[in-house]
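S.K.: Each chain is listed here by its residues.
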Amino acid sequence: MIEYVNVTKKYGENIGVEDVSIKIEKGEFVFLVGPSGSGKSTFVKLLLKLLEADNGHIYFNGYDVTKLSNREIPNHRRSMGIVFQDFSLLPKKTVFENVAFAMEILRKPRRVIRRQVPQMLDLVGISSEAKKYPTEISIGEQQRVAVARAIVNNPSVLIADEPTGNLDPETGWEIMRLLEQINKRGTTVLMVTHSSEIVNAMNKRVIAIRDGRLVRDENEGSYHPEDDGNTKDDKGLFTI
Amino acid sequence: MNTRVITALRQALRQIGRNLTMTMTSLFSITAILLILGFFFIIIVNINFMTQGIRDSFDTVQVNLLETTTQEQAQTMIADLKKQSNVASVVYQTKDDALAHWKEQWGDQADILDRLPSNPLPNSIIVTVKNIEKVDKIVTYAEAMPGVEKITYSKDTVNKLIRITNIIQIVALVLIIFLLFISIIVVSNTIKLTVMARGREIMIMKYVGATNWYIRGPFLFEGIILGLLGALISGVLVLVIYHLIVSKYGVNVVMIMSSGLISESTMLENLTAIFAALGISIGACGSIISMRRFLDT
Ligand SMILES: Nc1ncnc2c1ncn2[C@@H]1O[C@H](COP(=O)(O)OP(=O)(O)OP(=O)(O)O)[C@@H](O)[C@H]1O
Ligand SMILES: [Mg+2]
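Taken in order, these protein sequences are the chains called A and B. Numbering-wise, this note's numbering puts 211 at position 218 of the first sequence, and it's gapless, one number per residue. Count along the second sequence from 1, then add 6; that gives the number in this note's numbering.
Treat the hints as calculated values from the structure; they're not laboratory data. We put the CB at the ideal spot given by N, CA and C, even for glycine. Any given hint could turn out to be false.
So the derived label-pair ranges between C-beta atoms look like this [to be verified]:
1. B:S287 / A:N147: 39 to 49 Å
2. B:N195 / A:P84: 17 to 27 Å
3. B:L250 / A:R103: 47 to 57 Å
4. B:F45 / A:P84: 40 to 50 Å
5. B:T278 / A:S72: 18 to 28 Å
6. A:I132 / B:A279: 51 to 61 Å
7. B:V242 / A:I132: 41 to 51 Å
8. A:D47 / B:T278: 50 to 60 Å
In silico lysine to any residue, SDA-like type, Cα no more than 20 Å apart, as pairs [as the list claims (entries may be wrong)]:
9. A:K42 / B:K101
10. A:K86 / B:L15
11. B:K101 / B:T82
This is chain B alone, in the form it adopts within the complex (with noise of 0.2 Å):
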């Protein structure tokens, strides 16, 4: 670092130092913004994370197959579909696999099933398709293969999820936005007034002929500092909630919606960077926008 960025950096902790007050205001006012942020940055990924744990999910589709269909019907069917685009894999589900597979999701309850006096499940072919939006053409060509009983597949629930889930993320980046927009503004208006405060002084100094980025230096660190401060005690804040949400509900939530939130240390990782990097940049923008009017003569 050359001398200029030291200077520039000690005389911006010293203005820190010396404007306790204005320190304090701008630090609350980044931290709250940077809270409410934080809080739509973790609905916003949860939502994403479970959407697509949802999608995933609906992924299959399912070939009912009439009681008399043969085996060696099931396998030439099985292997056309297997030719079919949009097709990720195709495997036979005997009505004893199907059977198991209830007991295992039935857990607790499965003994109802053994109570059963036959195995009312159909032997089916299991299509799992790449593409959910794209499922219709499958659907048609395995309707009019012989031999099949029934298809049933979810493309109505996916797709209605995935409209909500998309419109929710809209709406959560529109206000994510709004709310940098809004932070920026309160940040430049802080530093505004202390800038205003110094006004005399930025006068004087460019008499004595600094130029505008000397000026502007320590101005902009200030604000740099008081950012990361910010993005650094929200951080926290928000990482500590999650954790409490987490352990709290967590259990739940995978219960409700067959997946879980996200991990704490992926959201550690990301929320870092980004606060990081938004604490910089909103202190950066605040402290230009602010100064902006005082240095352009």
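So here's chain A without its partners, still in its complex pose (with noise of 0.2 Å):
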């Protein structure tokens, strides 16, 4: 359902992503894993069309991403579900507003969102947080209504960028107990991260990247930060 053909993405002289070439069936749980800097965020932004590619081709459920038109990235960007460390939540709505923004922009009736968005919330274990904002939660908090957001509208593609980066071991573990059961619904998950705890305790597809090339691709993979050329102190569960 995702297709990378010989993609290449730079920036001016620095490398992005450079001739990459994969493909990601549907239902599957993949992570991403780099060093920082070798083009992860690259990566994931050119299949949101955040980036335009220099080259190649991403096909994604059939259409070729990189020949959309402005007019079509909307609809795009909602077949597909995003976390990202980032790019969190609108601080000045509440995490209810948060959830439901991403039902109004597909303009879902407002009775199916006051039904289905307190499902959401208790799905990601925050019903009780519903009328507070942003700040007046925890981050660990955070990431659930984020996780809830981008599940909400069904996608066929749930991608998640660093989405435990700021948390502590014991939440991070709980939102990935949360992208894995997202995953056995049948959404295809893209995670990337940094952390090889998570990565090697898993068990899942495992893409390494390094200085924007694909260097190893392995089913039920692991991760060890120095074998990819990792100078780093990357081995730490979550790095800041």
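Using the hints, put the two chains back together into the complex; each one sits in its own frame.
M.R.: Below you can see the structure in the form of structure tokens.
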């Protein structure tokens, strides 16, 4: 359902990703790992068309993402759920409104929104915080709201860029359990992470990139940063 | 109204409520500018009205006849004049009519006229022209007629008046356009601050797949609502002040200009429509301009 064909994206001199080809099937759970600056976020942003590829094609559900017109982009993005570490919640909206807004842009009737949002908040375990603002809840709870928002429209793919990055281990694992649960319902999950501990415990497909190039792709893979040439101490569970 | 419009409107109201400082700043600037515009508007409309009045009172040519000119001769002259183009009407005014007219105009002091030994005024023909700017032809024609003593008309005065009012109008118009321009910039800057403060929010919305119009909608309504509120406040202020001016100085103006100020109800009608339109367009333009940069990716 997702296929990259010889995709290259450079920022001037800097290499984002280079000549990447990969295929991800429906229902998979995939970890995207690699040292800092290796191009993981670039990879993900290309799929969302937050960035334009210089070269190559990205196919998603049968169409070429690189050929989408500006008018088609919103619809394309709506077919995916996203949880980003650095682009989280709308600060001026309550927890409820943050989730509801993802449904509003799909023009769901208010009746449906009022019924479905509490269900989602319940699913991620924060129904009691519905009326609070993001600043009034913990980072872990914020991330759960982000997950609720990402899945409320039942997307076929969930993309998470370091969703556990700022969390303490326990909360991190709770988010992981949530993602696994969502994957079991049939949603494809693509998760970017630095954490070898999480990757090694989950036993999922692992795609490793370095300097923008694909260096490893294993089912039931593991992640040992030093093997992939990471010089930084990235072994720690939740690096900030 | 469809649900999208309602959603955008609801969000606009929420934004206004949750950013009160910003709301007040925008509202204040719109109101201030519309107030200034309102005063220009009052001035320009009244100048127009007065010039019209003055022009109307100056559109006659008085052809004074010699003592020797007989009634029959006068009638032939009138018939001749009536055939000329640019002539609206021709009437004969006897010296007695003229004196009566004077007395009427002088009012209280008219008894001075009663003390005159005899009527000093001549019989005359009053020609009303259609277009005062082309009065010369009629004057030349009338001068050539036998039995004419003197012709009085006020083309120069009228021309001067027209020229001056034209200049005033152009200056006022330029100022109004300039002020409008400034107001759109001020509003767009205030809204831009709001937008910038919410740059991250806008990014998040785009990431999640909101269309540009979805993002723009609430800001657009915010601008329009602020514009209308500003128009309401400044409109009421302008009308109240106009009311004070009319009730205090209206009479003096009538004395000086031989025509009054525009009535308050006419002013109300014109001002309401114009201010509403201005408020909406200033708000809408301001918000669209301020968002442009954030939505082009
Ligand atoms: N907007 C940008 N302009 C210029 N260079 C950029 C930009 N974004 C990323 N880069 C560069 O592209 C390369 C890949 O960046 P990217 O953000 O994809 O890495 P990453 O794997 O997500 O890193 P991290 O783990 O730190 O999030 C880096 O060298 C980075 O400096
Ligand atoms: Mg990154």
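S.K.: For the pair D47 of chain A and T278 of chain B, does the Cβ-Cβ distance stay inside 50 to 60 Å?
M.R.: holds, 57 Å
S.K.: Quick check on a hinted range of 41 to 51 Å for V242 of chain B and I132 of chain A, using CB atoms only.
M.R.: At roughly 49 Å between Cβ atoms, I132 of chain A and V242 of chain B fall inside 41 to 51 Å, so the hint holds.
S.K.: Could you tell me whether the CB distance from S287 of chain B to N147 of chain A stays inside 39 to 49 Å?
M.R.: Holds, since S287 of chain B and N147 of chain A (Cβ atoms, about 42 Å apart) stay within the stated range.
S.K.: Lying within 51 to 61 Å: is that true of the beta-carbon distance I132 of chain A to A279 of chain B?
M.R.: Given range 51 to 61 Å: holds, Cβ gap about 53 Å.
S.K.: Within 18 to 28 Å: is that where the Cβ-Cβ distance between T278 of chain B and S72 of chain A falls?
M.R.: Taking Cβ atoms as reference, T278 of chain B and S72 of chain A lie about 48 Å apart, which means the hint is violated.
S.K.: Range hint 47 to 57 Å: satisfied by the CB atoms of L250 of chain B and R103 of chain A?
M.R.: Given about 49 Å between the Cβ atoms, the range holds.
S.K.: K86 of chain A and L15 of chain B: Cα distance at most 20 Å?
M.R.: holds, 15 Å
S.K.: Taking 20 Å as the top limit, are the C-alpha atoms of K42 of chain A and K101 of chain B close enough?
M.R.: violated, 93 Å
S.K.: For the hint 17 to 27 Å, verify it against the beta carbon of N195 of chain B and that of P84 of chain A.
M.R.: Holds: the Cβ-Cβ distance is about 23 Å, inside 17 to 27 Å.
S.K.: Does the Cβ pair F45 of chain B, P84 of chain A satisfy 40 to 50 Å?
M.R.: holds, 42 Å
S.K.: Mind checking the alpha carbons of K101 of chain B and T82 of chain B for me, to see if they're no more than 20 Å apart?
M.R.: With Cα atoms ~18 Å apart, K101 of chain B and T82 of chain B stay inside 20 Å; holds.
Violated hints, listed in ascending order, are 5 and 9; each of the other numbered hints is respected by the structure.
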